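Trainee: First residue of the sequence shown: 185, per the working numbering; consecutive thereafter.
Careful: at least some of the hints might be erroneous.
If you anchor each label on the Cβ, the simulated ranges turn out as follows [to be verified]:
1. 231 with 206: 25 to 33 Å
2. 254 with 224: 18 to 26 Å
3. 245 with 210: 23 to 31 Å
Quick caveat, the hints were computed from the structure, so don't treat them as lab data. Model, not experiment: these values are computed from the prediction. The beta-carbon is built from N, C-alpha and C at its ideal position, and this holds for glycine as well.
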Amino acid sequence: MRLLLDTHIFLWFISRDSRLSPVAQAHISNPQNEVYLSVISVWEAVIKHQVGKLPLPQSPEIYCPCAVSSIALRA
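Put together the whole structure using the sequences plus the hints.
Mentor: Have a look at this one:
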C-alpha cells in the first residue's frame, strides 16, 4: 500500500502521540507499505516551530531529517 502522510500524522507518528490510531501506526510501521512525506510537510513544521506553535526536542532542521530517516519515509 502507498501512504502519503499529512503533516500532523507525520508529527504524531514520530512523537508517538496517542491521537494517532493503532491502525494508522500499524500501516505506517509496516515495511511492506511505501510511506511518503511531502517536502511541504517539513516546510510546514519549520514554519510552525518558528512561530512557536510546534515545540520540538531539537531544531526542525535537525529533527525532521532524523525522523524521516529513522522511519524510512520517502520524500
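Trainee: Compare the structure with each hint and give your call.
Mentor: Taking the hints in turn, this is what the structure says about them:
Residue 231 and residue 206 have their C-beta atoms about 30 Å apart, which keeps the hinted 25 to 33 Å range intact. Range check, residue 254 to residue 224: about 20 Å between beta-carbon atoms, so the 18 to 26 Å window is met. Remark: the range hint 23 to 31 Å for residue 245 to residue 210 is upheld by a beta-carbon distance near 30 Å.
No hint from the list above goes unmet by this structure.
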